[in-house]
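Q: Residue-level listing of the chains:
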Amino acid sequence: MKEADKILGKVVTGFAAICLTGALLTLPADAAPDIPQGFDSDGEKIFNRFDETPLAAMTGTDGKRTLDVYYELRQYPGSPPRVPHDVPLSFSGDTMKCLSCHGRGGYDVNQNAYAPVTPHPEYESCAQCHVPRRTEELFVETEWQSIEPPRLGRSEMGGSPPPIPHSLQIREDCIACHTGPAAVAEIRVEHGSRGNCRQCHVPMIATEPRKEFTRNN
Amino acid sequence: MKLNRRSFIKSAAAGSAIAAAGSIFPGISFAGWQKQEDASGNITWQKAPCRFCGTGCGVLVGMSGDRAVAVKGDPNCSVNKGLCCVKGFHSVQALYGKDRLKKAQVRKNGKMVEVPIAEALDVIADKIKETITKHGKDSVAMYGSGQWTIPDGYVASKLFKGCLGTNNVEANARLCMASAVTGFMTSFGIDEPMGCYEDIEHADVFVTWGNNMAEMHPVLFSRMLASRKRKRDVTIIDFATRTTRSSQASDKSILFKPNTDLAVANAICYEIIRNDWVNWDFVKKHTSFHKGKTNIGYGTEDHFSFKDKPEDISFEEYKTFLQDYTPEKVERISGVSAKDIKYLASLYGDPSKKVTSFWCMGMNQHVRGTWINNLVYNIHLLTGKISTPGNSPFSLTGQPSACGTVREVGTLTHKLPYGVVMKEGARKKAEKIWGLPAGSIDPKPTYHTVEMFRALDRGDIRFMWIQVTNPMITMPNLNRYRDGALKEDRFVVVSDVYPTPTTDVADVILPATMWVEQEGMYGNSERRTQHFDRIVPGPGDTMSDTWQIIEVARRLGFEKQFPWGEDEYIGKIWEEYRQFHDNPKHNMAPYEVLKARSGVQWPFVNGKETRWRFNTKHDPACKKGTDFDFYGKKDGKAWIWARPYEPAAESPDQEYNFWLNTGRVIEHWHTGSMTRRVPVLHNAVPEAYVELNPEDASDLGVVNGEKVKIISRRGSVTMKASINGRGVPPRGMVFVPFFDESYKINEVTLDAFCPISKQPDYKKCAVRLEKA
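One line per chain: the protein sequences are F and C, in this order.
In this text, residue positions in the first sequence follow this note's numbering: the first is 125, and each later residue adds one.
In this text, residue positions in the second sequence follow this note's numbering: the first is 5, and each later residue adds one.
Everything labelled a hint here was simulated from the structure, so no lab data went into it.
The reader is advised that the hints may include incorrect statements.
From chain F, some residues computed to sit far from chain C (all C-beta separations above 12 Å) [what the hints assert, rightly or not]:
1) Phe171
2) Asn172
3) Pro204
4) Pro205
5) His226
6) Leu262
7) Thr266
8) Ser284
9) Arg312
Simulated restraints, written as ranges between beta carbons of each label pair [what the hints assert, rightly or not]:
10) F:Leu191 with C:Lys713: 43 to 51 Å
11) C:Lys346 with F:Asp210: 49 to 57 Å
12) F:His209 with C:Ser356: 41 to 49 Å
13) C:Ser350 with F:Leu179: 44 to 52 Å
14) F:Ala180 with C:Gly736: 39 to 47 Å
15) C:Val117 with F:Arg278: 51 to 59 Å
16) F:His209 with C:Asp354: 39 to 47 Å
17) C:Lys343 with F:His209: 40 to 48 Å
18) F:Arg275 with C:Gly736: 56 to 64 Å
19) F:His209 with C:Arg735: 29 to 37 Å
20) C:Gln252 with F:Gln323: 38 to 46 Å
21) F:Gln323 with C:Gly629: 30 to 38 Å
22) F:Thr338 with C:Glu579: 44 to 52 Å
C-beta atoms are modelled at their ideal positions from N, C-alpha and C, and glycine is treated no differently.
Start from the sequences, fold in the hints, and give me the full structure.
A: This is how it looks when you write it as structure tokens:
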């Protein structure tokens, strides 16, 4: 057995114990005729994920993933995170290997951690956007800056549901990131049993391109 | 001495990089980026095409204050529909490398000195005048780029070809797309793909010819995978010389020996005819058969010249020509089993399947690049699988505006924005639009890119202005051309955004604005013109490449040809340029339409984009009353060519017993001058390496990460071995990505080229290996 396979073997075995049953999440193929796919920011995704995810998998946290850890992997709010764990060099194109952990989540023995669930399992060429780090050195120092990550808990009134502070593009599936044991502790919801997230949480308009409202006189 | 200056700069750069690394990672940082002070936290978004490859993804650049702080895929852009790749998502970081060139520099007494940019522009204008007086108009040259914006290339052509009267204008797209152009011209008489990316959703079969799309055109590759997932019965065949990510994701990977794609393509046609899978109605109405010269050489000698002599042949003669390419005979040449050849032929031949072929550098950087382009068109023409949704021979480009600026504006020695310099009508049209006296444009082409750098070495060219490209990494047989550029009495001007090995040989460096720091347009692989505004202010004295040329042109006395103000010049240039394409075969969208939309396809006729050219249902330029009209050729037909298999210029032998193949990785774009300054990308692939087959590595006694010396007749490079890494070459081949200026693999490559397109073959030369 090659070294790479051994590592992978362990990961997969670790998963088998706790992995959730069922096939990977797939989007339904049959939309009503003439209705474009993915309307309402792919709102359908939330309902599909909700249907297919057992309640047990939406609760609990190991508390290890925090916002600090989350942003450490990113270059600006919304950038694709880099891969923080070892990836065998030959681990190049077989996307099912990524999705075997990140498709539905689960516990990984090697890392002693739960795998975060991707909000976009329909994109299979994972290494197109997510790359590991082979060195920490830079080629040339950078003057890159970006904005502060969005503040949490921006309810309009005490206790009212906070708005969605990020773009929904490629991150339409609330349940993937905001529930379950791998969810970032600060943004995990306590009410995973409610499946219609955008009933209460609405996108905050300042994070999207927008036109100023004018009244028609 | 220039050489001393160069090595000094290099060592200084290395020192500062190490210092920088120490200060950036004092420990684990709290977050992945430095926080902007006094920012509202709100981002405003503006559209642009991505800065990198020829796919032409639409991006939204997120602005906070006067800084670009984020990127999203543009959901309104039909190319990528909101998705990007890792380069696109981090593209704005390429603006902010600490060593951005912000001041002009001029060499004084052997040392580069910072000067006001106006002074540098004076020096350039004076030097052009002086060189022309001493050595004639053809001693000055402009070498540009498929990353030039359309206005950049347009004003360069207008100044050099029109005002100065020299055809010494070339661009690096000669190194990447010239064979695609000559392929289109010889088969169809008009350049650029007939299809569009929508073919991806319509096709049942994809064959990628020598094309690792998973890394090189990742967003289109994802579109292919998504279509396969949705439709289930989609087949992707990877036909290549090396096993890659694309092979892994494909349904079948077929490997062939270098250069033998010519034989396999002919064998596929042989099988199509033998099984009578020919679409006779299409072939009789819309094609004609031809042959050209054979044994056409490789161009490795100075002053090489070649002119093809097309002759008409009959279908029977074509069929006889194919007798040399039975699957069994071709199996012996190519290493592809007769069974696999027949399988490929059956996919193309099945009338119920729509087939799209994709290719890029594998077929273009090829000593018979024009021929292999012709041969793949043959397959699509014999089966009539062309110019209809999903049936598409699709030549992809590598640079964001290789199509827009180089092929459409015509920044190659023989080209004008409309037509070629050899044609009187084309010269007259240009002279009229440019307000120049008749006879201003020289009817004789001068040097193609390789010969231009040879002319610089010989001394026929004394002044060269290089913009938006890095030839001191990318020229094949690099040692000769770098030594040539460094000779006394050669004057090199380089406009760029970062220090590179090319600015190291410069006598004047102009600091350029980059991408969205200026207004401009790119043109992508599917005939889509993409406008972007000036979104971010450029740092220091940076100036757009267009404006640099305008400033120099005015200093040379051409105010009349370059009259525009700085707040309006892009729009004015566009509307002037558009006059060249004022016909239904090539009409371009007006400036206001380009500004409003996320890219517009040409021909843009009566307010409508043309998705599929030559198809009467979709293309208003077609003659009415016929289903297809290949109007590029006088006979209204597409040409099927009898082109034989011929070997590479230099194949492995007893002494140099390995093929050397070169290319890219997804993280880095071309010579890495931008992507290496993006932390995520550099951290993922910090240096180049040589991929070896595991058995070859074991014979050599090398394990992963050990050093290997790669030696050719021209030079050598020593670098780390990569075994079972990103890609795996077959036995007898090594592969090296060319992005890393510390390992200049082009000192090893050969400057052989396709005699028709003059595009060098970076994929094939002979090397030997030593454990270092």
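Q: Could you check the hint for me, namely that F:His209 and C:Asp354 are 39 to 47 Å apart, CB to CB?
A: 44 Å, holds
Q: Honestly, do C:Gln252 and F:Gln323 meet the 38 to 46 Å range at C-beta?
A: Once the Cβ atoms are compared, 42 Å apart, the range 38 to 46 Å for F:Gln323 and C:Gln252 holds.
Q: Verify the CB-CB distance for F:Thr338 and C:Glu579 against the hinted window 44 to 52 Å.
A: With a Cβ separation near 32 Å, F:Thr338 and C:Glu579 fall outside 44 to 52 Å, so the hint is violated.
Q: Are all C-beta atoms of chain C more than 12 Å from that of F:Pro205?
A: 9 Å, violated
Q: Verify that the Cβ of F:Asn172 lies farther than 12 Å from every Cβ atom of chain C, and report whether the claim holds or is violated.
A: 15 Å, holds
Q: In terms of Cβ atoms, is chain C entirely out of 12 Å range of F:Ser284?
A: 20 Å, holds
Q: Was F:Arg312 rightly flagged as not at the interface, with every chain C Cβ beyond 12 Å?
A: 20 Å, holds
Q: Could you say whether the range 29 to 37 Å given as a hint is met by the Cβ separation of F:His209 and C:Arg735?
A: The hint (29 to 37 Å, Cβ to Cβ) holds, given that F:His209 and C:Arg735 are roughly 33 Å apart.
Q: If I take the minimum Cβ distance from F:Pro204 to any residue of chain C, is it greater than 12 Å?
A: 5 Å, violated
Q: Please check whether the beta-carbon of F:Leu262 is more than 12 Å away from every beta-carbon in chain C.
A: About 5 Å separates F:Leu262 from the closest Cβ of chain C, which leaves it inside 12 Å; violated.
Q: Return holds or violated for the Cβ distance of F:Gln323 and C:Gly629 against the range 30 to 38 Å.
A: 58 Å, violated
Q: CB of C:Lys346 to CB of F:Asp210, is that within 49 to 57 Å?
A: Violated: the Cβ-Cβ distance is about 43 Å, outside 49 to 57 Å.
In terms of the numbered hints stated before, the structure departs from hints 3, 4, 6, 7, 11, 14, 21 and 22, listed from lowest to highest.
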